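Kindly produce the complete structure, drawing on both the sequences and the hints.
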Amino acid sequence: MGAAWTIARKDLKQRLRDRSAYIIGIVAPLGLALVFGFVLNPLSGFEFEGRYAVVDLDRGPVSQIFIENVLGAAERIEVIEVGTVAEAEALVDTEVSPLGGTEGTETADAAIIFPAGFSADVQSERPVAIQVIGNQGSETEAGIAVAMVEGYASELTSVRVAVATVENLVGAEVDRLATGVAVLQTPNPVTVLDDTASTKQLDGVTFYAAGMAIFFLFFTVQSGITGLLEEQRAGTMARLLSSPISRTSVLGGKMLSAFLVGLVSMAVLFVATTFAVDADWGPPLGVALLVLAAIVAAIGIVSIIAGFARSGEQATAIGSMIGMVLGFLGGTFFDVSQAGGLLASLRFVSPHGWFMQGLADLRSDDLTVVVVPVLAMLGFGVITGAIGVSRLRKGLRP
Amino acid sequence: MTVASGEPVLECSGIRKSFGDHAAVKGVGFSIAHGETYGLLGPNGAGKTTTISMISGLLEPDAGEIRLAGEPMTPDSTHTKRLVGLVPQDLAIYPDLDATENLEFFGRLQGMKGAELDRRVAEVLEIIELTDRAGDRTEQYSGGMKRRLNIGVGLLHRPTLLILDEPTVGVDPQSRNAILDSVERLGEEGMAVLYTTHYMEEAERLCDRIGIVDQGELIAEGTQADLVRIVGQRDRLTLTATGSLAATAAALGELEVVDDAGVAGDEIVLIVDQAHDHLPRILEMAARTGSMVKSVDVDSADLESVFLKLTGRALRE
Ligand SMILES: Nc1ncnc2c1ncn2[C@@H]1O[C@H](COP(=O)(O)OP(=O)(O)OP(=O)(O)O)[C@@H](O)[C@H]1O
Ligand SMILES: [Mg+2]
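The listed protein sequences correspond, in order, to chains A and B. Heads up: the first sequence begins at 1 in this note's numbering, then just goes up one per residue. Heads up: the second sequence begins at 1 in this note's numbering, then just goes up one per residue.
Hints listed in this document are in silico derivations from the structure and should not be mistaken for laboratory results. Fair warning: this is a prediction, and the values are worked out from it, not measured in the lab. Worth double-checking, as some hints may not be accurate.
Stated by the list, open to error - Here are the simulated lysine to aspartate or glutamate pairs, DMTMM-like style, with alpha carbons at most 25 Å apart:
1. Lys394/A to Glu116/B
2. Lys13/A to Asp136/B
3. Lys294/B to Asp273/B
4. Lys13/A to Glu65/B
5. Lys13/A to Asp90/B
6. Lys13/A to Asp21/B
7. Lys394/A to Asp118/B
8. Lys394/A to Glu71/B
9. Lys13/A to Asp98/B
10. Lys13/A to Asp273/B
11. Lys13/A to Asp118/B
12. Lys13/A to Asp76/B
13. Lys394/A to Glu60/B
14. Lys394/A to Glu65/B
Now the structure itself:
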């Protein structure tokens, strides 16, 4: 145990010096949660009003969903649809003041441009880009436009990965566009927002805070466990294995540090979103149990991936894909519990789904409701972890 | 030379290791006495790293026995591992920690702590001449500084046997000298050292005894004098040349006065009886077989000649 703690402490020291650890663990989830929170929650005290010019050269289903369901859902965003890029550019360009300046010329905080063929490209898995042009005079509003577009882009990515995975699993072609659209059209949490506590459903702000937190937790834990493979690459594994400590201590040290980093980032996200955007995670004890179980599940799943991967790069690539699929299926981007049918049931193959369900159940203020989600997540963690650890332990080599 | 006293520090016999169907180590055995510096000399791929990985408990041998101070060593022998200080061939330090933090971390894993650890870390920093830079992250170090720290970590817990795997590879001449000096000093202070290298000058300078390994086998062992005796009263003749060196070496190898001939880079290395007497004939033959000789060196026999004699190949690639 002493050696495991020594290794964990060394890892924590390294993580504290690693900027990407802060980004994955805190900045990215908090940023996304705050943006959604500010935009969605008029009570947050944040005076946000945005005017966005939108150029939809695509006129396809994927761009329409963004315009109607994402932008359209936010009360304080005004959408100006324009026909051409030039018109949009004129709206965001405050530098050019026309001679004899017309008073009250219309302006926008940012222009969002969907290129022609965007929906088709999404369907055929060609690389796609949504362009955002910010108005230099409205940095905050433009920044929020960028964040919303980025959030949508990562949703698209996770939908694509998920659909491709489902295809592989069932061994049949799925109508990707139809599936993707069906998924994207599942009600956005804000559109079904209901303030009565009895609906056992998270409000939009809390949904995004918790969803982003659990989604990124997986990646935070992943970079802790794949640190094992990193030690191999750096040559330091030879030193660890030639030291008078057991292999179990080496593995235990890594898991301990992954656990602590996961815990710290979840705690920061819990506190920050609670105070900054009034996210309401529920009774702290219940939340704490869910968080601990979620970390165990993430460690188990990441360990089994690392145990079977042939290199650190492979572990990271496969792990990221699985993290996206589980995040998507578990409904961290969309409230799949409202989608009904297969999609709503599928969320229970993902610990993310159990976590979100556990939080939703906690609305009832009855702590016993977390027992089932906690046990389910611990089950995931223990089973995958046992297989992963035995593989990793045997496979530890310099 | 140090006289062996009591139980050897290291005793291994018949150790073998294959990777798939490639036999990397085919039955190597040797022993190291207290205070002795033992060199494993061999070309790239000879099996040096594989051998010491088994000795330091990183790899499980397929066959054979390894004992350190009488205790068996396997990957699970945590207690025996205390006796060994390993300096891996590839750098094994954390780039995002500074030298002190690297030393402290590995020291703790060796069971050191508190004032004893602090004192020893300061001492090792002096030995590897990094005291001034101890607080800088090692990613900011020069190649030579990283190498020195790599060695320092192996020394920290005063191991009974220090194992250094080609510690001077890719190091500038100045750092290289500093490294050789400190290994020499450790040997004089009585630490047993296992040193692998493919530079014969290093083996000659540092080692009390040398084992020559090639293709997974220990093909000769002894003091430098013992080994050179294998070649007898021969000279080593080195021709630096351009042209068809391989053809020339093959032709020269046929001459009755030439015992062995091999090519190493732009050099043809020959083992010749009375080189000075036969030089004109050799140069004429070289010209005839298509090599332009730019310079000629005659030395008395050394480990290079021994390797050439035993394997028919030059030590350096
Ligand atoms: N993990 C491994 N998997 C497969 N083959 C290996 C492995 N490690 C070493 N080998 C092979 O075993 C042989 C001996 O390698 P080893 O590293 O022991 O040589 P070496 O004498 O240390 O060489 P060098 O001077 O280049 O360091 C080589 O042919 C090498 O390719
Ligand atoms: Mg080697």
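Practice item. For the pair we were handed, Lys394/A and Glu71/B, check the Cα-Cα distance against 25 Å. Key: holds, 23 Å
Practice item. Take a quick look at whether Lys13/A and Asp273/B sit within 25 Å of each other, Cα to Cα. Key: violated, 63 Å
Exercise for review: Take a quick look at whether Lys294/B and Asp273/B sit within 25 Å of each other, Cα to Cα.
Suggested key: holds, 22 Å
Check your understanding: Has the given pair, Lys13/A with Asp118/B, been kept, meaning a C-alpha gap of at most 25 Å?
Key -> holds, 19 Å
Review point. Taking 25 Å as the top limit, are the C-alpha atoms of Lys13/A and Asp76/B close enough?
Key: violated, 28 Å
Exercise for review: Assess, step by step, whether the Cα of Lys13/A is no farther than 25 Å from the Cα of Asp136/B, and give holds or violated.
Suggested key: holds, 15 Å
Review point. Keeping to a limit of 25 Å between CA atoms, is the pair of Lys394/A and Glu60/B held or broken?
Key: The given pair, whose Cα atoms are some 12 Å apart, holds under the 25 Å limit.
Point to revise | Pair hint outcome, Lys13/A versus Asp21/B [Cα-Cα no greater than 25 Å] | key: violated, 42 Å
Exercise for review: Mind checking the alpha carbons of Lys13/A and Asp98/B for me, to see if they're no more than 25 Å apart?
Suggested key: holds, 11 Å
Point to revise | Holds or violated: Lys13/A to Glu65/B, with C-alpha atoms at most 25 Å apart | key: Violated - the C-alpha atoms of Glu65/B and Lys13/A are around 40 Å apart, more than 25 Å.
Review point. Under the criterion that the straight-line Cα-Cα distance not exceed 25 Å, is the pair Lys394/A, Glu116/B satisfied?
Key: Distance of about 34 Å is beyond 25 Å: violated.
Point to revise | Pair hint outcome, Lys13/A versus Asp90/B [Cα-Cα no greater than 25 Å] | key: OK: Lys13/A and Asp90/B at ~23 Å, within 25 Å.
Consistency note: the structure conflicts with the earlier hints numbered 1, 4, 6, 7, 10, 12.
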